[in-house]
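Colleague: This is what each chain is made of:
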Amino acid sequence: MSKVIHLKKGLDINLQGVAEKILTAAPLAQEYALTPDDYIGVIPKLLVKVDDAVKAGTPLFFDKKHPEVLFTSPISGVVTAINRGEKRKILNIVIRPSEEREYEEFNPSKPEELTAESLKELMLKSGLWPFVIQRPYGIIADPKDTPRDIFVSGFDSAPLAADFDFILQNTGDDFAIGIEAIKKLTTGKVYLGLSDESHSKVFSKLEGVVEENTFTGPHPAGNVGVQIHHIAPINKGEVVWTMDVYSLIFLGRLLRTGKLDMSKVIALAGSCVEKPRYYRIISGARVDSILENAIKPLKEGQSVRVISGNVLTGKKIDKETGFITNYANMVTVIPEGDHYEMLGWIAPRLGKFSMSRTYFSWLTPKKSYNLDTNLNGGRRALVMSGEYEKVLPMDIYPVYLVKAILAGDIDKMENLGIYEVIEEDLALCEFVCTSKTEVQKIVRDGITQMIKELN
Amino acid sequence: MLRKYIDKIKPQFEKGGRFEKLHSTFDAFETFLYVPNTVTKSGSHIRDAIELKRTMFTVVVALIPALLFGMYNVGLQHFRAMGILDSTVMECFWFGFLKVLPIIIVSYVVGLGIEFIFAQVRGHEVNEGFLVSGLLIPMVMPVDAPLWMVAVSTAFAVIIGKEVFGGTGMNVFNPALLARAFMFFAYTPYISGEKVWVAGMNAGQTLDGYSGATPLTEIANSLSEKAASLNISSTVSDWIIGTIPGSIGETSFIAIMIGAIILLFTGIASWRIMLSVFAGGYLMGLFFNMLGLNIVMEMPAYYHLLLGGFAFGAVFMATDPVTSAQTNTGKFIYGFLIGAFAVLIRVVNPGYPEGMMLSILFMNAMAPIIDHYVVEANIRRRNRRLKKATK
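So the sequences go chain by chain: A and B. With my numbering, letter number 401 in the first sequence gets 401, and the count goes up by one each step, no holes. With my numbering, letter number 376 in the second sequence gets 1376, and the count goes up by one each step, no holes.
Just so you know, these hints were derived from the structure itself, not from any lab. Remember, predicted model here, so these are calculated numbers, not experimental data. The C-beta atom is built at its ideal place from N, Cα and C for all residues, glycine as well. Incorrect hints may appear among the rest.
Stated by the list, open to error - Partial chain A-side listing against chain B, Cβ under 10 Å, derived:
id: 1; residue: Leu23
id: 2; residue: Asp51
id: 3; residue: Lys55
id: 4; residue: Gln302
id: 5; residue: Arg305
id: 6; residue: Asn310
id: 7; residue: Tyr359
id: 8; residue: Leu416
id: 9; residue: Ala427
Said to hold, decoys possible - Far from chain B, by Cβ distances over 12 Å, these chain A residues were calculated:
id: 10; residue: Ile40
id: 11; residue: Ile43
id: 12; residue: Gln134
id: 13; residue: His199
id: 14; residue: Glu211
id: 15; residue: Lys366
id: 16; residue: Val432
id: 17; residue: Thr437
id: 18; residue: Leu454
As the list claims (entries may be wrong) - Partial selection, computed: residues in chain A whose CB lies under 7 Å from chain B:
id: 19; residue: Leu7
id: 20; residue: Val311
id: 21; residue: Gly337
id: 22; residue: Asp338
id: 23; residue: Tyr340
id: 24; residue: Trp345
id: 25; residue: Ile346
id: 26; residue: Ser356
id: 27; residue: Arg357
id: 28; residue: Phe360
id: 29; residue: Asn376
id: 30; residue: Tyr397
id: 31; residue: Gln440
Looking at chain A on its own, in the form it has when it is part of the complex (with noise of 0.2 Å):
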């Protein structure tokens, strides 16, 4: 049964430099990499040293705390360094691509064959456990739990998206092989949430297969977490795990050819980027694989930012030196805003944009504008009130679960919703705070202390 729901609360940020739907075959990148940190909560235990020969899929480290989650290999190659920070800390495993690629081999099989525990065997050796996300938490999910359902969203709604719609072209049955594999691993439903504006085929191929919900409304309606508020809110003790597209494409994949291939089409987008469009990469690729020319000239002084993901959730990486993170859907150029603008608080601004309507842009709601990465302001303490309602279309209300999560006060914060969030649910509360409060730090840090005092 499909549902429409209509979200009125969020806000589209209309930004210059949305990718061109033509997809280019990114080279291939002279490194490839995963990097720990990119895992919440992982520590990670090596299984590979620096020349040893990987294949796609062999295993690289594991988690300490579930040894049984292996973090594998995206390509064929020898791993060339082994970079680590203070205290010893992995910061990332670097592998160099051979020419032939090189696959594990993993038995391929049709998902009715499967049993739950056949299938999480398989994407635990695989490497593509850690794409199964459990909330509440927004962390990499426990293989020993049984979800109440499992959630998908169809659809990416944050500034510059890619469309899923395109990168869901020429990948066959994959997306709905990998659907119909999980749903092996939930005793409840998998929920796909589409917007108004998808149209693939393979979503509607599903219809009956898993239950669809169509989500009308500005950003963040896209987010998973949204969704599952609106479809079957999380109360307190119940787990749910979610899973992107990409992982799903990526099972399908494994099932039907018994190999680990992760090449996906990512967005390359912004307003520094010369021909936005969408790339075929391999995911962990070196960031300049798909950056070289494609940035448009700068003026002198001018520095660009590129984000490995959105603008509002992703990493900022370096652009040379940079890797695409492994949950990523698109790479964002935009300038930094590293400069001085003579009484800019008083000026009228008309490139600028504010959901407050102290600026003229809300007159003008198809124009898209040049954003760049500078605070406009200084932090101070919550004075506005009522902002941050209007972005989070969940019932839910965020200053007063920021506060919780400020006091450590356990309790309030679980029930306040802090079970129903994670920080890119909270990431425009964060863009349109006129104190410049960090809520997205915030929010992680509060689920830090719930995990930390639930266990």
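Dock chain B against chain A, hints included.
Modeller: Leaving out everything else, chain B in the frame of chain A:
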């Protein structure tokens, strides 16, 4: 040019520099001149262009019509009281300007001075909140308020009302109203009665027998004199335009409404609060009409909205985001009760005709409780859902 100069002297204000102690002050001036070059470090890479300076500046802009009219009216009332009826608009305005400017200067110098000191001691950036408070304070003062009293009231409001709670954003009471309340209770004769609302009356520069009473005082007097009907010397259109005695900024309904439009249009002030204050006041007025026990109760309900500080309080004081209710439902309740209590105080206690100030301060104190129950309702919804799920 200027930027280069600032960059040159900046190191002296940084840690270890010669003027390290003035860092907050320097920072306040620098960020006043230039939006800083800080870039986002964690979380969202792009940020909304709004900042507290712009918010506060918008409120200041919204206050300007009422302030300018207030200046004009100060002159107008003064000349009328002297029996000069042919003074020009410019003469009135200039007289008022010279009367009001010193109060504004005192309020800003004292208030900002304290803010800067506290910011420096705490190592914080100077908060912009006082840009608005500093202008609100003069506007709720009688024109003949002695400057030293303005200074003491401002200092009280900023130190006791704001800084001891942790500065802007943490305060419980609206600082500008606190300044007025302090003045009211500490120096009552200078902010009540009939002689303080018109410039020069205390000094005896005005005609003998001229009454400087505000309409609300006249209403209270009518009641205590057991008059058969209200004895008000001004008309409804005077109240709307604002050519009546009163605090500097509160008299003109039109000028305040222009401010209200600016605040609502920009979305800075909550329409929920503003609307419900007026609704609360009006409905309370109607309720007293129904009781109709004396001539004040029989007064048309809309009089209350036009008179005294009601409109000014509803638009500029009740909507203060820090001291009002934070939740949307709470805002309706909070606003409604402000309006209702203000009229209640006016009608039931005519000895003190201006209820708006006390009503808002009282509801400032109640706002967290209102919010508490609104948030509790949300928690109960969540718990009910949990119970249903575990059944």
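Colleague: When the nearest CB of chain B is found for A/Asp51, is that gap smaller than 10 Å?
Modeller: Violated, because the Cβ-Cβ distance from A/Asp51 to chain B comes to roughly 36 Å (cut-off 10 Å).
Colleague: Given a cut of 10 Å on the nearest C-beta pair, is the interface hint for A/Gln302 held or broken against chain B?
Modeller: 13 Å, violated
Colleague: Interface hint check: A/Tyr359, Cβ to nearest Cβ on chain B, cutoff 10 Å. Holds or violated?
Modeller: Because about 6 Å separates A/Tyr359 from the closest Cβ in chain B, which is inside the 10 Å limit, the hint holds.
Colleague: Measuring from the C-beta of A/Arg305 to each C-beta in chain B, is the shortest one below 10 Å?
Modeller: Holds: closest Cβ of chain B sits about 6 Å from A/Arg305, inside 10 Å.
Colleague: If we take the beta carbon of A/His199, is the closest beta carbon in chain B still more than 12 Å away?
Modeller: Consistent with the label, A/His199 stays out of reach of chain B, its closest Cβ about 29 Å off (over 12 Å).
Colleague: Is A/Glu211 truly not at the interface, in the sense that its beta carbon sits beyond 12 Å from all beta carbons of chain B?
Modeller: 18 Å, holds
Colleague: According to the definition I'm using, a residue is off the interface if its beta carbon is farther than 12 Å from all beta carbons of the partner; does A/Ile43 meet that for chain B?
Modeller: The claim stands: A/Ile43 keeps its Cβ more than 12 Å from every Cβ of chain B (closest is about 22 Å).
Colleague: Against chain B, is A/Asp338 within 7 Å by beta-carbon distance?
Modeller: This interface hint holds because 5 Å falls under the 7 Å limit.
Colleague: At 12 Å, judged by beta carbons, does A/Val432 keep clear of chain B as stated?
Modeller: 5 Å, violated
Colleague: Is the Cβ of A/Thr437 farther than 12 Å from every Cβ of chain B?
Modeller: The assertion about A/Thr437 is violated, with a minimum of 9 Å to chain B.
Colleague: Restraint: A/Asn310 near chain B, CB-CB cut 10 Å. Satisfied or not?
Modeller: Where the cut-off is 10 Å and the nearest Cβ of chain B is about 9 Å from A/Asn310, the hint holds.
Colleague: Does A/Tyr397 pass the interface check with chain B, least Cβ-Cβ distance below 7 Å?
Modeller: At about 6 Å, which falls below the 7 Å cut-off, the nearest Cβ of chain B leaves the hint on A/Tyr397 intact, so it holds.
Checked against the numbered hints above, the structure violates hints 1, 2, 3, 4, 16, 17, 19, 28; every other hint is satisfied.
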